[in-house]
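**Student:** Starting from the known structure of chain A, fit chain B onto it as the hints suggest.
Note that the protein sequences, when read in sequence, are chains A and B.
Each residue of the first sequence is one higher than the one before, starting from 160 at the first, in my numbering.
Each residue of the second sequence is one higher than the one before, starting from 160 at the first, in my numbering.
It is worth saying that the hints were derived from the structure and are not from the lab.
No experiment lies behind these values; they were computed from the predicted model shown.
It is possible that some hints are incorrect.
You can't tell identical chains apart in this list, so a pair holds if it fits in one copy or across any two.
[Stated by the list, open to error] Listed below are the simulated SDA-like cross-link pairs for lysine to any residue, each with C-alpha atoms no more than 20 Å apart in a straight line:
no.: 1; residue 1: Lys254; residue 2: Gln306
no.: 2; residue 1: Lys197; residue 2: Thr345
no.: 3; residue 1: Lys171; residue 2: Ser284
no.: 4; residue 1: Lys244; residue 2: Leu392
no.: 5; residue 1: Lys171; residue 2: Ile198
no.: 6; residue 1: Lys257; residue 2: Ile299
no.: 7; residue 1: Lys254; residue 2: Leu190
no.: 8; residue 1: Lys288; residue 2: Gly255
no.: 9; residue 1: Lys330; residue 2: Ala356
no.: 10; residue 1: Lys244; residue 2: Ser284
no.: 11; residue 1: Lys244; residue 2: Ala356
One letter stands for each residue in the lines below.
Number of protein chains: 2
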Amino acid sequence: MRLFLLPASFSKNSSSIELRGKDYNYLVNALRMKTGQKIMGRDRDGGLWDLEITAIGRSSCVLSVRPAEKLSAVTDNIPDRAPLKPIVLYQCLPKGRKADDIIKKATEAGVRDIVLVRSRNCVASLEGKEESRLSRYDAIVTEAIQQSGSVVPTKVEGVIDIRDIPEDFEKRSGGLERLGLVLHQTRLKEDQADLFACVRGFEGITAIVVGPEGGLEEEECLSLMDCGFRAVLLKTNILRCETASIYAIGAIQTILESDCQ
Amino acid sequence: MRLFLLPASFSKNSSSIELRGKDYNYLVNALRMKTGQKIMGRDRDGGLWDLEITAIGRSSCVLSVRPAEKLSAVTDNIPDRAPLKPIVLYQCLPKGRKADDIIKKATEAGVRDIVLVRSRNCVASLEGKEESRLSRYDAIVTEAIQQSGSVVPTKVEGVIDIRDIPEDFEKRSGGLERLGLVLHQTRLKEDQADLFACVRGFEGITAIVVGPEGGLEEEECLSLMDCGFRAVLLKTNILRCETASIYAIGAIQTILESDCQ
Numbered sequence: 160m161r162l163f164l165l166p167a168s169f170s171k172n173s174s175s176i177e178l179r180g181k182d183y184n185y186l187v188n189a190l191r192m193k194t195g196q197k198i199m200g201r202d203r204d205g206g207l208w209d210l211e212i213t214a215i216g217r218s219s220c221v222l223s224v225r226p227a228e229k230l231s232a233v234t235d236n237i238p239d240r241a242p243l244k245p246i247v248l249y250q251c252l253p254k255g256r257k258a259d260d261i262i263k264k265a266t267e268a269g270v271r272d273i274v275l276v277r278s279r280n281c282v283a284s285l286e287g288k289e290e291s292r293l294s295r296y297d298a299i300v301t302e303a304i305q306q307s308g309s310v311v312p313t314k315v316e317g318v319i320d321i322r323d324i325p326e327d328f329e330k331r332s333g334g335l336e337r338l339g340l341v342l343h344q345t346r347l348k349e350d351q352a353d354l355f356a357c358v359r360g361f362e363g364i365t366a367i368v369v370g371p372e373g374g375l376e377e378e379e380c381l382s383l384m385d386c387g388f389r390a391v392l393l394k395t396n397i398l399r400c401e402t403a404s405i406y407a408i409g410a411i412q413t414i415l416e417s418d419c420q
Numbered sequence: 160m161r162l163f164l165l166p167a168s169f170s171k172n173s174s175s176i177e178l179r180g181k182d183y184n185y186l187v188n189a190l191r192m193k194t195g196q197k198i199m200g201r202d203r204d205g206g207l208w209d210l211e212i213t214a215i216g217r218s219s220c221v222l223s224v225r226p227a228e229k230l231s232a233v234t235d236n237i238p239d240r241a242p243l244k245p246i247v248l249y250q251c252l253p254k255g256r257k258a259d260d261i262i263k264k265a266t267e268a269g270v271r272d273i274v275l276v277r278s279r280n281c282v283a284s285l286e287g288k289e290e291s292r293l294s295r296y297d298a299i300v301t302e303a304i305q306q307s308g309s310v311v312p313t314k315v316e317g318v319i320d321i322r323d324i325p326e327d328f329e330k331r332s333g334g335l336e337r338l339g340l341v342l343h344q345t346r347l348k349e350d351q352a353d354l355f356a357c358v359r360g361f362e363g364i365t366a367i368v369v370g371p372e373g374g375l376e377e378e379e380c381l382s383l384m385d386c387g388f389r390a391v392l393l394k395t396n397i398l399r400c401e402t403a404s405i406y407a408i409g410a411i412q413t414i415l416e417s418d419c420q
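This is chain A alone, in the form it adopts within the complex (with noise of 0.2 Å):
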């Protein structure tokens, strides 16, 4: 179903909105809605909202707006679910455009929060091009959120050091019990936990830390694991990082997300 992501500008209070520019594009020329019609919108806090378009002119339509319950409102036959448990991913900064599909891919499936990290191997850096990289990036996330209907307001932050990633998650935690993991690839001195074990039953929140294309440094495996982290060897072939990301959030969030454990 799509998601509507309202205007940063939407007030709560208003009935109705009207949109110009890039929303009025979204909504008229490339979703070809006509009036009368309703969409699901979401706003910047995660509320949701029933949204049913009351006008189109050239430039501009009119959405009446009214507070939705839930989701199954307006949606194309989307089971109601429990809201997802919350998953933070700590990516190391990957070259080029791999952050873009990364970055789509995990907001898709509902990860909370997306924090760049500055690790050993990192070659890219976004030193100078922050503002404009992160802002680039809210933009693939607007999309992604409309597309898959997410009702998680994900948020991408950084760049933060490796060695930060403990302090951030505690803060990130709001008192939740926290599972921190480390995917490594190769064998570590120490015993590297099963992923399917260390993820089932758990309820809180959960923080998957990826490596950049060289991997992470054993230390800096070790120093997140004497904060508590717990490293987990994937039981797959040594995947890119831009795979390995949503193949390990796709196998937590299952592990987490399901009924039977």
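**Tutor:** Then chain B, alone, in the frame of chain A:
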């Protein structure tokens, strides 16, 4: 680790092989390998070989070839592991370059067979260009196998009609117990299974059917279910098809390969 895919011309009786053209470029120019350096090789049947560069010329290089017992030999520290359980991905044809991304990621993860499928909502078609497209996919597979060190001889085949999936899957199963899964993102009239519950502890061969952009029609799901396939509702947002495939592969393979059930 790197795994070099030996050319189809490679004979298992030979103790050395001379490489030219693309293979020469890959080893000498891309990997910058020097005389005396070793790399793991895989033949087209999935057999493993220890390779050592014995001579490098202007346009060709010579490698010595010895059968390898197991991966550990010259790899950069990949844990020995049991071979991955066989997975067949039935991917309904997506638009444009999305298939490249899906095939690359599925190959990295060690999916054994990738079968391209024609279904009701497929916009894309390979009519007339099947041969050229499949040879491009072979090149993508080869590169992904080398990057990921996969020992699974992934093959891309098709295009078959969605109605022919059950028969095709039976042919590929080689007598193994079969688990057929259809990913469907909206609620069906019939009950949908929990992915975790379906896959957990399964020892046979698994098929994953992933729809095209427009998704699968309910009848398409139901007729697969009549043939023993199980419809699975991913407990996440609506994923684009190129996200759904690797997300599901990550989930299914992680549960299949876990030691602790």
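**Student:** May I ask which of the numbered hints given earlier this structure violates, with the numbers listed in increasing order?
**Tutor:** Hints 3, 9 and 10 not satisfied by this model.
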